Amino acid sequence: MLTRRLVVCLDVKGGRVVKGVQFEGLRDVGDPVELARRYEAEGADELTFLDISASAEERDTLWELVRRTAEQLFIPLAVGGGVRTVDDVGRALRAGADKVSINSAAVANPALLTACAERFGAQCVVASIDAKRDGDRWRVYTHGGRRPTDLDAVAWARECVARGAGEVLLTSIDRDGARTGYDLALTRAVSEAVDVPVIASGGAGSAAHVRDAFQEGGADAALVAGILHDGLTTVGAIKALLREGGLHIRSLA
Amino acid sequence: MRVTLFDYGAGNLHSLAKALATVPGAEVRAQEDPLRALDTDVLVLPGVGAFGAAVARLAPGREAMRAALEQGLPCLGICLGMQLLFDGSDEGAGAGLGYFAGRVTRLAAKRVPEIGWNQVEDERTLAGARLDTVYYAHSFVCRAADASVVMGWTTHEADRFPAAVRRGRVVGVQFHPEKSSTAGVRFVQAFLREVAP
Chain D
1 MLTRRLVVCL DVKGGRVVKG VQFEGLRDVG DPVELARRYE AEGADELTFL
51 DISASAEERD TLWELVRRTA EQLFIPLAVG GGVRTVDDVG RALRAGADKV
101 SINSAAVANP ALLTACAERF GAQCVVASID AKRDGDRWRV YTHGGRRPTD
151 LDAVAWAREC VARGAGEVLL TSIDRDGART GYDLALTRAV SEAVDVPVIA
201 SGGAGSAAHV RDAFQEGGAD AALVAGILHD GLTTVGAIKA LLREGGLHIR
251 SLA
Chain S
1 MRVTLFDYGA GNLHSLAKAL ATVPGAEVRA QEDPLRALDT DVLVLPGVGA
51 FGAAVARLAP GREAMRAALE QGLPCLGICL GMQLLFDGSD EGAGAGLGYF
101 AGRVTRLAAK RVPEIGWNQV EDERTLAGAR LDTVYYAHSF VCRAADASVV
151 MGWTTHEADR FPAAVRRGRV VGVQFHPEKS STAGVRFVQA FLREVAP
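So the sequences go chain by chain: D and S.
Positions 1 to 253 (full-length UniProt numbering) are the ones given, in order, by the first sequence.
Positions 1 to 197 (full-length UniProt numbering) are the ones given, in order, by the second sequence.
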């Protein structure tokens, strides 16, 4: 039986880990390779780099960063942010990423998912979906949650999988950074709609929220960031609570 | 000890190369030519890509590679690399190495590909590294014709498949030891220490 996964996300820019402060300044919080290794040692099941670089110069440092990380990290590494083409995906994989998440570019050109899955395999293609509640459904947004689309999140998740995505990274825009818990209704709706793993994202404020994403949201994996980086909890503490809740998770050897 | 990764264009070899290089004395290199890849002390068949494309790259060296394995060249096949050690695959045309008898077929499960950490039951491939929970990312599995070569099993939904096979100095694993954290790296190290010397 597959374990539920705890995925740690690091925002990177210009080859460093950064943290947004009230959506204004960005603060440098450390070396990505060091942080990645620390989270692996603490028991993280997977690591994600979300590249928030604004310029091409900054983005070029991403591949070098992925290469340095892959040489020292022995858990799966996913990369997302600004991936536009099949060549971008190929570059990320050659640099050492195991998976690549595609967001705005998939909405603009859904065939990109198919092209990547055919060339590199579905296991490395992650459809990243940013969704915001809109009445009794959820609307898909692109461009870092700034641009609304006409797509319904559940229907779009289904289409992404039909087109070749091997996983869905599902972020609630409403909950992102709010630390009030994952959007469980959204997570459940998408988990029930697709046959590939769903990674719940956005809203983790405590270990109990992560447990809820699994038990009530039906997620296969949960993404955490700020609460770990800020020291509010640890990978070990989250996993201890998951274990108490009867969830099947990976223990440290 | 020369350790050669047969690079059939699959991409990410960094973590695997680094895991192998943690063993003192291991000189790790990648080789795209299947015949030249046999000029080594240990052969590693890495694991990302599609079966059809991989066996096409392997074809010019297929007979020589099979003969080298039969004569005792230590070999570790990972994921697709394990599948290449079998006769053939439903994923793509072309002959595998046929070192292990059996065919590669699609996972009989609702959730395919299987992506994530899963347990290995009764794992006994190597004496120095027992495995428990390991990382998988695959859609196909090896149906070994001879169950005695299977050194551990994993179950995804209702499909129980070989997690590891071994005959002589040739080991195949369906999971990714280089992505299975400390326990996986220990497995790679134990392979080089126990099987290869």
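Everything labelled a hint here was simulated from the structure, so no lab data went into it.
Fair warning: this is a prediction, and the values are worked out from it, not measured in the lab.
Among the hints, a few may not be true.
[Unchecked claim] Covered stretches of chain D, as calculated for chain S (at least 3 residues, CB under 8 Å): (1) 30-39; (2) 72-78; (3) 119-129; (4) 194-200.
Idealized CB from N, CA, C, for every residue including glycine.
Status of each hint after checking the structure:
Under the rule that three or more residues need a Cβ within less than 8 Å of chain S, the assignment of the segment 30-39 of chain D is violated, with 0 such residues. Note: the segment 72-78 of chain D has 5 residues with beta-carbon separation from chain S under 8 Å; the three-residue rule is met and the coverage holds. Restraint check on the segment 119-129 of chain D versus chain S: 5 residues with Cβ-Cβ distances below 8 Å, three needed, restraint holds. For the segment 194-200 of chain D, the stated coverage by chain S is satisfied: 3 residues place a CB nearer than 8 Å to a CB of that chain, which reaches the threshold of 3.
In this structure, only the earlier hint numbered 1 is contradicted, and the remaining ones agree with it.
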